[in-house]
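J.: With the sequences and hints as input, model every part of the structure.
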Amino acid sequence: MKKGVRIAFPYLGAAIIFINYYTIPSLAESRSIYPIILTALLIVYTVVWIASFRSPKKIQKVLNLTPKLFVGALALTAWDILTVRMGVLPLPFFQSFERIMSVFVDDWHLLLKSLLHSLRLLFTGYLIGMATGLVTGVFIGWYPKVNYWIMPIVKAIGPIPATVWIPLIIVIMPTMFGGSVFLIALAVWFPATLMTATGILSTPNTYFEVARTLGADSRYLIFRVAIPSALPSIFMGMFIGMGVSCVTLISAEMLGVKAGLGWYITKASGWTEYHKVYASIIIILITFTTIITLIFKIRDKVLVWQKNEIKW
Amino acid sequence: MTGDANVSGKISIRNVSKIFNENKDNEVVALKNVHLDIEPGELVSLVGPSGCGKSTLLRLVAGLETATDGELLLDETPIQGPHYDRGLVFQDPSLFPWLTVYGNVASGLKARKLYDKKSNTVEEYIKMIGLEGFEKSYPHQLSGGMAQRVSLARSFANQPKVLLLDEPFGALDAFTRMNMQDELLKIWTEREITALLVTHDIDEAIYLSDRIVIMTPRPGKIEEIIEVKTSRPRARNNEDFLHLRVRILETLNFAKRADDLSYYL
Ligand SMILES: Nc1ncnc2c1ncn2[C@@H]1O[C@H](COP(=O)(O)OP(=O)(O)O)[C@@H](O)[C@H]1O
Ligand SMILES: [Mg+2]
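From first to last, the protein sequence lines are chains S and H. Each residue of the first sequence is one higher than the one before, counting from 0 in numbering that gives the first Met the number 0. Each residue of the second sequence is one higher than the one before, counting from 0 in numbering that gives the first Met the number 0.
Derived from the structure by calculation, the hints contain no laboratory data. Note that the Cβ used here is the ideal one computed from N, Cα and C, for glycine as well. Careful, some of the hints might be misleading.
What the hints assert, rightly or not - Anything over 10 Å on all C-beta distances counts as not near chain H; from chain S, calculated:
1. Tyr21
2. Leu62
3. His116
4. Ile290
To be verified - Straight line, CA to CA, 20 Å or less: simulated EDC-like cross-link-like pairs of lysine to aspartate or glutamate:
5. Lys112/H to Glu208/S
6. Lys228/H to Asp36/H
7. Lys228/H to Asp200/H
8. Lys306/S to Glu134/H
9. Lys117/H to Asp216/S
10. Lys116/H to Asp216/S
11. Lys300/S to Glu134/H
12. Lys228/H to Glu38/H
13. Lys185/H to Glu223/H
14. Lys109/H to Glu208/S
15. Lys109/H to Glu123/H
16. Lys112/H to Asp216/S
17. Lys117/H to Glu189/H
18. Lys306/S to Asp91/H
19. Lys23/H to Asp91/H
20. Lys109/H to Asp216/S
21. Lys9/H to Glu41/H
22. Lys135/H to Asp299/S
T.: What follows is the structure in structure tokens.
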């Protein structure tokens, strides 16, 4: 396909959205949020497109994206027609895009507060869980005795969803924040421990032999051989851990914590304000994707020494 | 300038036997009654068909295996576990994949906490193996021969008193191999180290060694020890060499292993 056509795809998609927006009458009162968001996105696209001129690789990247953007625009148009234009999809379960976006304008203060509260909880729990998981994983991987006694416990407790412990934690922990942190840490601890231990246990023996003939002590063997060799596996644990900690966080907030995105969702659905539910889901998606992308970036930096083909 | 100035490098292998899988039904006698004394500063080669226990013998001296029977001594002290005095170049390069070429060559000094004092020597060894400019490359970016050279430099940089080499030049092309052989001779001469070299290449054994130990398999044992009396520096096309070559091949033939013999021709 001609480059010119592909570059124009997003503009074409935007045109379709605009035509739909201004020609077909709406069943609900319009807030003009749609045109603002769309114009902003078009400006961003244009800037990115112009900036990509510097390298053919970047141009190719943008070109690869344009069909997706076009189909996305079509999907948004269809969504708009089915909801607010023709009313085919029933309210309040189905909400128009514009209504969902309006939440970001009307309720941004509470949303932001909830997001920050969730992030604070998430990172505290995640970091504690990762750190303790690393330590237990190293101990299990390094000392056969620890492996023998502790590994069965890890394997038994690990697969139980952390949220099961909520009733118990409400009784034991003095504060709900502390309880939630503990819950998230517990959820992360399991994959972190397991993947660290697995990584260390599967370190090829030759590396230890080489290091020992070079004069390495056990400190070197653990920190400069076993752990580096286990890093790919540890990163796997970090990804899995991020997934479960997000799930646990939202569940914990839905069940007891009186703040955060999970709490926001529960409250909104209690009032059947589903547009708010969807708005917070979008925030969760964006946040989660950003964090995962960030971990990916760190992973690629730390694991440059890996062959490209085993990257996932 | 080795770790311990009091190590002179005499290796005594006294009636050593090594049996793997010591349950009665499928045990492998890798070595049987191997007896060998290596003088300080001597360069000895081990040749023989695969499976005759050459690597096992090297690993025993390195301290990575324990003998089933007999004893191994360094300067009359029993060998117990690995030590940086006895450096081993493995048959596979076995580089640390998470370290660069530089990091790998420096790893011995770092393990021994000597890096701060001797970091300037790392670059010398990289130059010696001809890999300047590759300091920041990772092992997966190297060819087999380059990786093998890094593995050599890693052992050399640690300045062991005894150098154990398991087919160290196997992956190299003919020219690089001759180069590395001369580098080995240079280091061996300068540092007065004791070297025990496993090789598949009879010419290499003759060119480098003071003595050549010919081993035969099932069970692995020493068949004959041949002294190379030709003075150094040796020419690679020395007349004596042809003589020795024939003799070694005859010894291996005497062991009635014609199929393995074809490997050397
Ligand atoms: N770790 C081990 N476990 C069992 N058998 C082994 C082990 N290492 C070596 N062997 C056996 O010992 C014999 C000698 O092996 P090796 O020393 O590697 O021979 P070479 O290096 O001369 O080819 C072979 O039969 C081999 O299968
Ligand atoms: Mg071998």
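J.: Determine for every hint whether it applies to the structure shown.
T.: Verification of the hints:
{"no.": "1", "hint": "Tyr21", "verdict": "holds, 57 Å"}
{"no.": "2", "hint": "Leu62", "verdict": "holds, 30 Å"}
{"no.": "3", "hint": "His116", "verdict": "holds, 38 Å"}
{"no.": "4", "hint": "Ile290", "verdict": "holds, 25 Å"}
{"no.": "5", "hint": "Lys112/H to Glu208/S", "verdict": "holds, 18 Å"}
{"no.": "6", "hint": "Lys228/H to Asp36/H", "verdict": "holds, 18 Å"}
{"no.": "7", "hint": "Lys228/H to Asp200/H", "verdict": "holds, 19 Å"}
{"no.": "8", "hint": "Lys306/S to Glu134/H", "verdict": "holds, 18 Å"}
{"no.": "9", "hint": "Lys117/H to Asp216/S", "verdict": "holds, 19 Å"}
{"no.": "10", "hint": "Lys116/H to Asp216/S", "verdict": "holds, 19 Å"}
{"no.": "11", "hint": "Lys300/S to Glu134/H", "verdict": "holds, 18 Å"}
{"no.": "12", "hint": "Lys228/H to Glu38/H", "verdict": "holds, 15 Å"}
{"no.": "13", "hint": "Lys185/H to Glu223/H", "verdict": "violated, 27 Å"}
{"no.": "14", "hint": "Lys109/H to Glu208/S", "verdict": "holds, 16 Å"}
{"no.": "15", "hint": "Lys109/H to Glu123/H", "verdict": "holds, 16 Å"}
{"no.": "16", "hint": "Lys112/H to Asp216/S", "verdict": "holds, 10 Å"}
{"no.": "17", "hint": "Lys117/H to Glu189/H", "verdict": "holds, 18 Å"}
{"no.": "18", "hint": "Lys306/S to Asp91/H", "verdict": "holds, 18 Å"}
{"no.": "19", "hint": "Lys23/H to Asp91/H", "verdict": "violated, 31 Å"}
{"no.": "20", "hint": "Lys109/H to Asp216/S", "verdict": "holds, 11 Å"}
{"no.": "21", "hint": "Lys9/H to Glu41/H", "verdict": "holds, 9 Å"}
{"no.": "22", "hint": "Lys135/H to Asp299/S", "verdict": "holds, 17 Å"}
Checked against the numbered hints above, the structure breaks hints 13, 19 and satisfies the rest.
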